[in-house]
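Asker: Given next are the chains, with one letter for each unit.
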Amino acid sequence: NAGVTQTPKFQVLKTGQSMTLQCAQDMNHNSMYWYRQDPGMGLRLIYYSASEGTTDKGEVPNGYNVSRLNKREFSLRLESAAPSQTSVYFCASSETFWDNQPQHFGDGTRLSIL
Amino acid sequence: AQSVAQPEDQVNVAEGNPLTVKCTYSVSGNPYLFWYVQYPNRGLQFLLKYITGDNLVKGSYGFEAEFNKSQTSFHLKKPSALVSDSALYFCAVRVKPLYNFNKFYFGSGTKLNVKP
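Line order of the protein sequences matches chains R and A. So for the first sequence, my numbering puts the first residue at 1; every next one is plus one. So for the second sequence, my numbering puts the first residue at 1; every next one is plus one.
Keep in mind that the hints were calculated from the coordinates and are not lab data. The structure presented is a predicted model; accordingly, all values stated were derived computationally and were not measured. Hints are supplied without guarantee of correctness; some may be wrong.
[As the list claims (entries may be wrong)] If you want the footprint, here are the derived chain R segments under chain A, 3+ residues with CB under 8 Å:
no., segment
1, 38–44
2, 100–109
[Unchecked claim] Simulated crosslink set (DSS-like; lysine-lysine; CA at most 27 Å straight-line):
no., chain 1, residue 1, chain 2, residue 2
3, A, 77, A, 115
4, R, 57, A, 103
5, A, 49, A, 77
6, R, 9, A, 111
Here a beta-carbon is modelled for each residue, glycine too, at the ideal position from N, C-alpha and C.
Generate coordinates for the entire structure from the input sequences, incorporating the hints supplied.
Answerer: Printed below as a string of structure tokens:
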């Protein structure tokens, strides 16, 4: 049972470099999400995709872009990394956007920007 | 504004004792409440949820939570703690959409330490 798979697990970047975080789910879920987790702040929503072909901004979208490549895959791109983007990034999915089913999370990407 | 508060950064309990992890919320409309657990270097795992009905909800690994509308709380409980319960616990609330935007709000997390 793979569930939600994120790659890479760890990454160190220099300020100004770009990078794409990959996420794939094998549960045939319609909705996918990107969060960042910072100490003492819980999870904050960066972007979400309610269904294939749609993406929308969450709480903290500045500095990020996303692509819903197909139903399975949802990538997050940092165009010009900044130290403030040092965080743990989680991808999640759910069956639909409108119901009350829980979200399923990947194991995260730990990103450090120097 | 919608918010979720976990007033304790850390909870310490001895193995075999009951545990409580607190959560309060402030939302407009009917809340849908969730608890998740996070083990080191892992993503969040769903424990239980309250949508409607019985205020006492039972979930995975022997955990339960009580919804209290008057106190706007949804505390997580377990009658007898295990060392393996040591982890980070997150409360989350999902608000019934007013404008078709159904969003999770997460608390800041509570670290549970269960000592042998």
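Asker: Hint by hint, note whether the structure agrees.
Answerer: Okay, the hints, checked on the actual structure:
{"no.": "1", "hint": "38–44", "in the structure": "holds (count 5)"}
{"no.": "2", "hint": "100–109", "in the structure": "holds (count 8)"}
{"no.": "3", "hint": "A:77 - A:115", "in the structure": "17 Å, holds"}
{"no.": "4", "hint": "R:57 - A:103", "in the structure": "12 Å, holds"}
{"no.": "5", "hint": "A:49 - A:77", "in the structure": "13 Å, holds"}
{"no.": "6", "hint": "R:9 - A:111", "in the structure": "23 Å, holds"}
In terms of the numbered hints stated before, the structure departs from none.
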